[in-house]
Each structure stands twice: as structure tokens, then as C-alpha cells.
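Construct all of the structure, not just a fragment, from the sequences and the given hints.
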Amino acid sequence: MSTVDVVVIGAGVLGASAAYRLAEKGFSVEVLERGAPNREGSGTTAGNLHIQAIHTRRPGQAVPVDSRRFLPLQKAASDRWSTVEAELGEELEVRRPGGFMVAETEDDLDQLTTKAVWEREVGIKTEILDGDTARAELPVLGPSVRAATWCPDDGYANPLLAGPAWLRAGMRLGVQLSPGTPVTGLERRGEGWEVTTPTGTTSCRWVVNTAGPWIQPLTALAGVELRMRPVAIQMHVTVRVPPLLPCLVQHIGRGLSVKQVTAGNVLIGGGWPAESLDLDARSHASLHSMAGNLAEAIRILPPLSRLSLLRMWAGPLAATPDEMPVIGAVPGADGLLVAGGTYAFTFAPLWADVLAAAVLGEPSPIDVRDLGPDRLIMGAK
Amino acid sequence: MSEKACQVLIIGGGPAGMSAARAALAGGAQVVLLEAGDALGGQFWRHLPESRKGGEEQVLHHKWRHFNTVQRELRDDPGCEVVLGAHVWAIERPDGGQAPAVHVMVGPPDGADREPRTYLPQSIIFATGGQERTLPFPGWDLPGVYTAGAAQALAKGERVAVGQRVLVAGAGPFLLPVVTSLIRTGATVIGVAEASGWKRLAKGWLSRPWELAATRSKAGELGGYLREMVHHRVPYRAGTTVIAAHGEESVESVTLARLDADWKPVPGTQRRVEVDAVCVSHGFVPRTELALTVGCTVDAHGFVVVDDQQRTSVENVFCAGELTGIGGVDLALAEGEIAGATAAGTQPRASVVKARNVFRAFAERLQTAHGIRPGWQTWPEPGTTLCRCEDVTVGEVREVAAATQARGLRSLKLTTRAGLGPCQGRTCGRNTEEILSSCGLLDPGRTARRPIAIPVRLGELAATTSSQREETP
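Chains as they are written, first to last, in my numbering: chain L, 1 to 381; chain Z, 1 to 473.
Think of the hints as simulated: they come from the structure by calculation, not from any bench.
All of these numbers come straight from a predicted model, not from anything done at the bench.
There's no promise every hint is true.
Covered stretches of chain Z, going by a simulated chain L footprint (3 or more residues, C-beta under 8 Å) [stated by the list, open to error]: (1) 412-426; (2) 450-461.
With the Cβ distance kept under 10 Å, some of the chain L side facing chain Z (calculated, not the full set) [stated by the list, open to error]: (3) Ala36; (4) Asn38; (5) Val239; (6) Ala295; (7) Arg299; (8) Leu304; (9) Arg306.
Label pairs and their in silico Cβ distance ranges [claimed, not checked]: (10) L:Gly190 - Z:Asp391: 54 to 60 Å; (11) L:Ser178 - Z:Gln367: 35 to 41 Å; (12) Z:Pro109 - L:Ser178: 29 to 35 Å; (13) Z:Ala402 - L:Arg375: 41 to 47 Å; (14) Z:Gln367 - L:Ala220: 47 to 53 Å; (15) Z:Asp391 - L:Asp280: 31 to 37 Å.
All residues carry an ideal CB built from backbone N, CA and C; glycine is no exception.
In C-alpha cells:
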């Protein structure tokens with residue numbers, strides 16, 4: 001049996017950033033990963049840094065995101081991302097070209113105006129433009145766009161570089177990574193935990209569960225049932241084309257998020273549901289969602305119509321019933337922390353700080369008491 | 001978008017697909033045959049452009065009369081719908097035994113208004129064929145370096161020779177008809193370099209010689225090519241290949257080297273030869289993207305696994321031709337006939353089952369004698385291009401694989417961009433897989449697995465939304 005201070009479950013972007021931060025604070029850390037690092041949600045996300053208020057409802061999503069509650073977190077995450085590359089000493093292709101959030105209907109316009117007020121309250125600089133002004137700024141916008149907000153802080157990072165870079169930085173500080181090592185048991189032992197895998201048992205004081213779609217079954221191993229369920233959403237990418245879209249474009253009322261990456265491909269998403277979720281292999285993308293998502297994209301950005309779709313894929317995310325993130329200590333399971341839920345990529349560096357503070361017993365860098373797992377508990381053992 | 005039920009849907013109008021269509025019709029089935037090109041015949045029976053058709057079309061074609069007969073039969077049979085310019089871009093396989101939905105765009109690929117169609121077949125026969133595999137070496141992307149298939153297509157389709165002093169290099173009997181075509185279009189072929197050595201060639205071709213008697217037609221065909229080569233004094237070197245091409249604007253010379261049994265160059269055997277064109281072909285790979293999409297099991301070499309009736313691991317899905325193993329036209333014709341007959345619910349003829357088995361044994365000889373050996377991975381230099389679409393070098397891929405903990409094929413592909421271009425990894429996919437596999441992958445996979453089989457314009461895809469199923473709640 002080996003002993004470490006902290007076992008992190010899941011080597012996605014959250015597990016990697018948390019492991020790095022904990023190691024930096026002087027803890028010994030082992031990361032247990034059931035498959036390959038950065039392969040699931042963290043390797044299939046678009047990698048957007050959502051700073052202005054997002055579209056509150058994925059297609060098929062029952063409850064909207066509470067945008068007002070989200071915004072201070074987004075502001076903090078935005079500030080946090082501006083130092084990540086310097087901290088890791090690696091290029092993660094963090095880009096802040098800014099982003100438009102477009103509105104088409106009367107209802108969209110109301111939402112746009114309301115959220116712009118909330119953004120100003122927390123210090124996110126957004127500007128409201130009427131349709132013609134927006135089209136003058138970004139001529140590829142279509143005629144149905146009636147207004148848009150512009151946020152200079154919106155951006156993206158390369159999700160295939162970010163998670164692995166945090167892992168490498170953590171490993172330089174002594175983090176042990178065990179890929180292909182699923183956790184099969186989580187037992188309370190004295191002051192800490194015993195974490196069982198097919199290759200052995202690790203004893204530790206703290207367990208940080210950042211397993212994305214597996215958060216719920218892993219917490220259940222400790223006897224706590226969280227109300228979370230994995231869903232799969234899909235992404236679409238076109239062939240490489242000359243510069244066409246210099247910034248992000250999203251829709252306030254529809255599932256649509258578009259950007260052109262450095263290589264020239266246009267990436268189109270917006271949380272459309274995949275055909276099926278398959279946690280043992282790759283989830284299947286749906287042609288129905290594809291057609292729906294692409295129809296939105298070419299209505300808002302008509303020149304996209306003549307580009308060819310090259311690939312599409314689906315990846316999992318961990319959804320909570322209220323669509324808000326979950327982060328904090330699991331009540332009744334001392335030393336067990338979870339972090340996950342929506343927009344984990346945007347929040348990765350922030351959540352790492354929050355988790356490290358919780359393990360150290362220090363005050364949280366941002367108030368997340370209302371986002372703890374207690375609200376998701378069905379019944380503790 | 002129209003939806004159309006059909007009994008047997010055949011994808012691919014080359015020898016295997018045509019043979020399957022004919023057999024399924026003979027078995028009483030109603031057949032739809034989809035062909036992406038503008039004529040039936042596939043790569044094997046390639047046509048002259050319409051404007052230059054003449055009586056001599058059969059000169060460079062093997063079994064041309066058979067092709068004409070089958071084409072006429074299919075055209076005249078009211079039970080057969082031949083759709084040319086038909087590009088299958090996705091196949092949906094619903095749960096619960098419903099018919100799969102095969103989504104097709106009909107029309108020229110760069111045309112503005114292609115017609116979207118969806119077929120709901122009871123059975124599918126994949127006859128999507130194979131494509132050449134070219135191994136990378138320094139200078140393989142210089143102008144003047146052709147795939148043997150491209151040279152053959154120019155000769156057969158356009159009557160154009162790729163150069164004056166041409167070297168043909170690679171592995172397998174396909175090099176021989178290319179030599180013949182080049183000679184007939186006026187080129188001087190200065191030599192043929194076969195990568196496999198005499199020992200391996202003998203093991204593949206000379207063991208159990210009595211079995212070869214059954215493949216007389218095949219042997220006769222090859223014999224014809226050999227006679228022509230000898231007549232034109234074209235030297236044939238076994239255990240030799242081109243490991244580099246040199247030139248400023250285009251290829252001016254190549255480096256030839258002797259290879260060991262693993263295809264590693266033998267030190268001290270390199271020599272320069274002046275050429276103005278090189279044709280290379282190292283073998284063929286199956287075009288399995290559609291078969292993989294519906295979930296057909298493939299073997300370790302990437303070929304679709306089929307039973308004696310050409311059934312795949314997926315119910316009511318059959319494969320015929322190069323998809324199941326590289327065996328040439330005779331095997332494709334036999335497999336097509338068996339698949340077509342079985343899909344129509346009839347028994348294939350005993351003689352054709354026997355022929356299939358004989359030609360399959362022939363295909364195995366081909367693999368024994370000419371199959372690609374791992375030593376090729378020592379040919380490229382770090383700066384040698386691996387993926388031409390995305391301009392990724394062998395060195396970059398190896399560096400990323402060594403530096404990253406994300407040892408999955410998919411993430412390595414996405415990080416290096418190898419295989420992400422418009423050819424969707426068809427050209428470099430297998431080479432990339434093998435180079436990455438030798439770096440120790442935690443999560444291997446196949447680059448051919450993709451939900452969108454070919455690039456399709458967003459406008460066309462968005463237009464398919466109107467007749468899709470009801471909005472999901």
C-alpha cells in the first residue's frame with residue numbers, strides 16, 4: 001500500500017490543474033485515471049473561455065443556467081486564465097480575440113440587455129451594438145441579427161494542450177500519474193481514505209473527485225449518492241479556410257458557438273445532444289443535432305454555408321439538475337471533495353485554487369458555498 | 001430530401017459492386033447500386049474521357065468484354081437502379097433492428113445543388129474498394145513523384161505518360177501493369193524496384209505451386225506483363241527500393257538502396273539514379289470508413305472480417321472486394337457474386353465459392369510475398385512530410401508522441417494535426433497509425449473511424465434538417 005496526502009481521481013483538465021496546484025502547495029499527490037489522460041470531456045471540448053454571460057440553455061436542457069450567479073465566477077476565471085501560460089511556462093494557445101453574443105428575437109433582445117447590466121455590475125466590459133453596427137464590425141454576420149453584445153475578454157485555449165501542460169507541471173513537482181487505473185473502492189479509514197484500484201491500494205488524507213461523468217458513481221463508492229448524470233454533446237469542424245472569423249460568435253437564445261481556430265478550421269458547437277452516450281468508448285454524434293446546429297450557424301454566419309464539414313465528434317459532460325457547477329466538500333465524508341459540472345474548462349484554474357484552499361483549510365478565493373455537493377445529495381450513509 | 005426503401009443497396013460500382021448487383025438481381029432482389037464516379041467500372045475499369053472515347057478503349061483493360069456485358073445487363077434490368085455521382089456521407093444504424101438510413105448526396109462533388117437522398121435498405125453490400133498506400137521517404141512530395149495508381153490513371157484515362165525516364169518502385173504485382181501502361185504511352189521505364197527480396201518472393205509465390213494452377217488466368221495476366229517487360233529490357237530488382245528523391249523544382253534523381261527482410265536499407269548499398277519521374281506504390285489499403293461507421297469488425301490489418309457468405313459482424317451487412325483483403329479483380333468478382341446472391345436470399349453457385357477460395361489463397365500469397373514490413377519507418381528523416389494536407393512531418397509527430405502524456409491516437413492526431421486535412425487521413429492514415437503505434441499508444445484506434453464519411457458543405461447538411469425525425473424533446 002502506498003501513502004500520499006491527496007488522491008485526485010480523473011486526469012482531465014480539472015484533475016490536472018488541481019493536482020498541480022496541490023503539489024505546488026507542498027502536498028504529495030497521486031492522480032488515478034481510468035483510461036488515458038485528457039481523453040473524455042477535456043479532450044473533446046471546444047476549449048472556449050466564456051467570459052460574457054452564456055446562452056443559458058443547451059438544446060434539450062430542462063433548466064436554464066443562473067447567469068447572474070455565474071457572472072462573478074466567469075470574471076474571476078477570466079482573470080485567472082490571463083496568468084496561466086506564464087505560470088506553467090508553456091504555450092497553451094490562449095487567445096482573447098473577444099466575442100459577439102447575438103440576438104434575433106424580441107426575447108433575445110431582453111435577455112441581452114439584462115445580462116449586459118449584470119456584466120457591468122461585476123466588472124465585465126460588454127458593449128451593446130445594434131444589428132447594423134455589429135455587421136459593420138463583423139461583416140459575416142447575417143441579416144437576422146438584430147443586436148449583439150461585444151466582450152473583449154472572450155476567448156479560447158487549446159484543450160489538447162492545457163490539461164497535459166498542467167499534468168506535466170504537476171509531475172515536475174512530484175505528482176504521480178497512474179493512467180489505465182480505475183478506482184474500484186473508496187473506504188473511510190481512520191483520519192483518511194483507502195482508495196482501491198485493480199493494481200493496489202493507496203492511503204491518503206484527502207480524495208479529490210474530478211472524474212467528470214464518473215463523479216456520481218465514484219462518490220457512490222463512498223456511500224454518497226449525488227444527483228448528477230452524464231450527457232454527451234457534440235462539436236463540428238470544417239475544412240481549413242483563410243481568415244473569415246476573427247472572434248467568437250455565440251447566440252443568446254440558441255445553442256450556437258462558433259470560432260475559427262489558429263489553423264483555419266471553423267469549430268461549431270453549442271451543446272447539441274449526441275445520439276448516444278457511451279462511457280466505455282466514443283459517444284455517437286447525431287446527424288439530427290448536426291443539421292440543427294449547422295442550420296443555426298449558417299443563418300447567423302451565412303458565408304459558412306459553402307464551407308465543407310470535415311469531422312464531428314461527441315464528448316461527455318457531467319450535468320447537475322440545476323445546471324450549475326458543483327464544487328466543495330461532500331458532507332458526511334470528511335476529506336472527500338468534488339469539482340465538476342458545466343463549463344469546467346473555463347473554470348479549471350479557478351476551481352484548482354478553490355480545491356487547494358479547501359484542502360489547506362484556508363478561506364476560498366471566491367465564495368462558492370452555494371455550489372457545494374450538499375444540494376445534490378439524495379441520502380448519506 | 002427523399003427517403004426510399006430498397007431491398008439490396010450496393011455501395012461502390014467497381015468489379016465487386018457490379019458483380020454483387022448482377023447476382024442479387026439474378027436472385028430476384030430489387031437492387032440500388034451507388035457509384036461515386038460518373039461511370040461504372042471503378043478504379044479497375046477506368047474510362048477515357050467521353051470526348052476521346054474510341055474503339056481502342058479495351059487495349060489497356062483486362063476483362064473489358066466482361067465489364068461491358070455486366071454493365072449492359074445492369075442498365076437493362078428494370079429491377080436495378082444505378083445511381084452515378086452518388087456520394088454516401090453518413091450511415092445511421094438505429095437500435096432495434098430497423099433498416100439503417102444511408103444518406104447520399106447525388107451530383108458532382110463541386111456542384112451547387114446536389115440532391116440529398118436517404119435509402120432505407122434491408123441489406124447493404126459494401127464494395128468501396130481499396131486505395132494505394134504510399135510510404136513516405138525524403139522527397140516523396142516532390143513534383144514528378146507519382147503514385148503508381150495516378151500514373152496508371154493518367155495512362156489509362158488520358159493516354160499521358162508521366163515522364164521520359166521513369167523508375168517504378170514499391171511492392172506487389174500492381175507495379176507490372178503500370179510498367180506496361182507506361183511503355184505503351186511512350187515512356188522509357190529504366191527499372192522496377194520491388195522492396196521484397198527474392199527469398200520472400202519465392203516463399204509467397206513458389207510454395208505449393210500446384211495451387212497456382214487454379215489461378216491460371218491471374219498467372220497468365222502477370223505473365224503477359226512480365227513478357228512485355230522482358231521485351232522492353234526493363235530491369236527488375238528485388239529487395240531494392242527508392243529511399244529518397246532529389247531535385248529542385250521537380251524530381252531529378254533518386255537514391256536506391258538494397259533492403260533487408262524487414263525493409264531496412266542495407267548500409268553501403270545506396271546509389272543515385274537519374275530520372276524525371278518516379279512511380280511508387282507500396283500496396284493497397286481498404287476504404288473501410290463506411291463499414292466502420294456501421295460497426296463492422298475489422299482484423300489486425302484493418303480488413304473487414306467476413307464469413308463464407310461475405311457476411312460481416314453486423315446483421316444484413318456484407319462486404320466484397322478489396323475491403324476484405326487485397327486480392328485483385330478475380331477475387332472481387334467472386335466475392336461480389338457471393339455477397340449479392342446471399343443478400344438476395346439465394347445460394348451462391350458452388351463454382352464461384354470455389355473460385356473465391358482459390359483467389360483468396362492467391363491474396364494470401366500476395367501478402368506473404370509483398371506485405372509492408374516495419375523497416376519502412378527508418379526511411380523518412382525528421383523533416384520528411386507525413387501528412388501532406390496539413391504539412392506535418394514525421395519528426396513533429398514523433399516529438400509530440402514522446403513529449404505528451406496523452407498517449408491516445410485521437411489526441412495525438414489532434415495535437416499534431418496529422419490526418420486532419422481534407423483527405424480525412426485517407427492518404428497518411430495508416431502511416432500515421434504505424435508511426436504512432438511504434439511510440440507506444442495507450443489508446444490505439446483507427447483513423448478511418450469517422451461519422452462523416454466525406455466532406456460535405458454546411459449548406460447541404462443544414463438543408464437535411466427539414467425531413468429529419470421530429471425534434472427531440
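The hints, checked one at a time:
1. 412-426: holds (count 7)
2. 450-461: Check passed, 9 qualifying residues.
3. Ala36: holds, 4 Å
4. Asn38: With a minimum Cβ separation of about 5 Å from chain Z (threshold 10 Å), the hint on L:Asn38 holds.
5. Val239: Status holds, d = 5 Å.
6. Ala295: holds, 4 Å
7. Arg299: Holds, because the Cβ-Cβ distance from L:Arg299 to chain Z comes to roughly 8 Å (cut-off 10 Å).
8. Leu304: Holds, because the Cβ-Cβ distance from L:Leu304 to chain Z comes to roughly 5 Å (cut-off 10 Å).
9. Arg306: holds, 6 Å
10. L:Gly190 - Z:Asp391: 54 to 60 Å: holds, 58 Å
11. L:Ser178 - Z:Gln367: 35 to 41 Å: Roughly 39 Å apart at Cβ, these two residues keep to the hinted range, so it holds.
12. Z:Pro109 - L:Ser178: 29 to 35 Å: With Cβ atoms ~48 Å apart, the hint is violated.
13. Z:Ala402 - L:Arg375: 41 to 47 Å: Given a distance of about 45 Å, which is inside 41 to 47 Å, the answer is holds.
14. Z:Gln367 - L:Ala220: 47 to 53 Å: About 50 Å separates the Cβ atoms of Z:Gln367 and L:Ala220, which means 47 to 53 Å holds.
15. Z:Asp391 - L:Asp280: 31 to 37 Å: holds, 35 Å
Of the numbered hints given earlier, the model fails hint 12 alone.
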